[in-house]
Amino acid sequence: MLKKNEKLLEDKKKKDQQVQSKEAAAKQHAQAAAKQHAQAASRIYSAASTAAAQVNTSTVQTRLRTGVISLLQVNGQFKTKKN
Numbered sequence: 079m080l081k082k083n084e085k086l087l088e089d090k091k092k093k094d095q096q097v098q099s100k101e102a103a104a105k106q107h108a109q110a111a112a113k114q115h116a117q118a119a120s121r122i123y124s125a126a127s128t129a130a131a132q133v134n135t136s137t138v139q140t141r142l143r144t145g146v147i148s149l150l151q152v153n154g155q156f157k158t159k160k161n
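Just so you know, we're using this note's numbering here: the sequence shown kicks off at 79 and counts up by one.
For the record, the hints were derived by calculation from the structure and aren't laboratory data. Be aware that a few hints might be false.
Pair ranges (Cβ atoms, derived) [unchecked claim]:
#, residue 1, residue 2, range
1, 103, 80, 46 to 52 Å
2, 137, 108, 41 to 47 Å
3, 121, 101, 27 to 33 Å
We put the CB at the ideal spot given by N, CA and C, even for glycine.
Hey, can you work out the whole structure from these sequences and the hints?
Put into structure tokens, the structure is as follows:
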């Protein structure tokens, strides 16, 4: 009976170690996946920010160009070609 209990205790310890090992592996996998997701989100955010900055720059340049043309027209310095 004593040997049987010792055997059961050893088996339980082995199973506990296996469970702990699997839990550690799952935790490590989850951390790696979370890191990859964070990196991907960072790249997407960076690309979106760059695209937005380019759009804003283009919009500002267009507005400046339009503003300069308007000023030149007001001052009579801008001449358009007539067909």
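Checked hints:
1. 103 x 80: 46 to 52 Å: Given a distance of about 35 Å, which is not inside 46 to 52 Å, the answer is violated.
2. 137 x 108: 41 to 47 Å: holds, 42 Å
3. 121 x 101: 27 to 33 Å: Between residue 121 and residue 101, where Cβ atoms are some 31 Å apart, the hint holds.
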